[in-house]
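Chains A and B, in that order, give the protein sequences. Position 66, counted from 1, in the first sequence is what this note's numbering calls 66; the numbers after and before it change by one each time, with no gaps. Position 34, counted from 1, in the second sequence is what this note's numbering calls 34; the numbers after and before it change by one each time, with no gaps.
By construction, these hints were calculated from the structure, which means they are not laboratory data. The reader is advised that the hints may include incorrect statements.
Facing chain B, a subset of chain A residues (Cβ under 10 Å, in silico) [claimed, not checked]:
#	residue
1	TYR36
2	LYS41
3	PHE101
Note that CB positions come from ideal geometry on N, CA and C, so glycine has one too.
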Amino acid sequence: GAVVSQHPSWVICKSGTSVKIECRSLDFQATTMFWYRQFPKQSLMLMATSNEGSKATYEQGVEKDKFLINHASLTLSTLTVTSAHPEDSSFYICSVRGGFFGPGTRLTVL
Amino acid sequence: DAKTTQPTSMDCAEGRAANLPCNHSTISGNEYVYWYRQIHSQGPQYIIHGLKNNETNEMASLIITEDRKSSTLILPHATLRDTAVYYCIVRVAGRDDKIIFGKGTRLHILP
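The shape of chain B in the complex, shown without the other chains (with noise of 0.2 Å):
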């Protein structure tokens, strides 16, 4: 699986759009962009992916850049609920691969 790069972590204040970026320029063209989040003392929850086109769903949405060199997960209207860690992860879709899971970024909603 290609590397990404994320920012250690963030914060946003509740209510407000967290943008969570995600650098991978190395991946493939048959390689999805996935999104999953790990909130404390529990396993990792998808959220999204995509391949080229933006992504939409009722958690978040997923832009991924033309060259698709870099994504950003959009929480529309965050809230407390949302404090967690964020891994962005690239991999191929539908392979029983394992998922190598990188630091992620940890947001933190601030009331």
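Excised from the complex, chain A in its bound form (with noise of 0.2 Å):
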């Protein structure tokens, strides 16, 4: 399976500022990498779908102005919140080929 993985871990940030979690697949080179965000005791919720060298693709009601993504090449994903909230303090997961998922790395904002 692929290896992924994400920086940082953990991220405290104050509110207005834009904070950059990076993802990465170590042993595998994936044109597709997904986000996912996920809130206490719920479930993960699909972002957006990260496409290497074109634009990536939002879920409804996600904005795409908001949550900057990234995929320059095939080992890297970016996902950038611009603007931070305190709601958007989350745990924010990606994944590549569909099934291998980072460790997550836990936003809060002030």
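Two chains, two frames, a set of hints: combine them into the complex.
As structure tokens, then:
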């Protein structure tokens, strides 16, 4: 299976700042990666599909201008939460090949 | 992907077998049954998958009914570390499709 890493594992930021989360596929060239978010005691919710070399595809209700996705290489996708607010505090998880997941990034916005 | 139905939560005594059911009555012929679990504050972990035959690996066994409308994940000797949310998902294997998660089953292993 694919090995996926995320960085950072946790981050705390002030309201109004932007935060970048990295997702790396360590042993697999991923043309597609997926981003999820998870609120406490809830299931994972798919946010967007990241496509290498092209625009991401966002799920309904996810603001593309707020959650910027860049998939510039076959091993790296980044999710930038712009102008973060406390309601963006969540657990963000990426996956590759539709079935191998990163360890997640805990974002806390103060 | 077809929809699945799982109990919200289950308890199991440590050392006993944990049997987690899943209904997937609308599964298509080319869809596999996949099981993942998520331990608190971690990413989901793949457990096992199968098409129609029963499957076993070092983590678990998967029993799929003959009509493929339901399945059971079996953890043969549950330990406290098996406490997690378990997700049953049906999807076409090998495709780069997104995975849509249901609510899963919250399994509590009791000491």
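Hint by hint, here is what the structure shows:
no., hint, verdict
1, TYR36, "holds, 8 Å"
2, LYS41, "holds, 9 Å"
3, PHE101, "holds, 4 Å"
Hint compliance for this structure: every hint is met.
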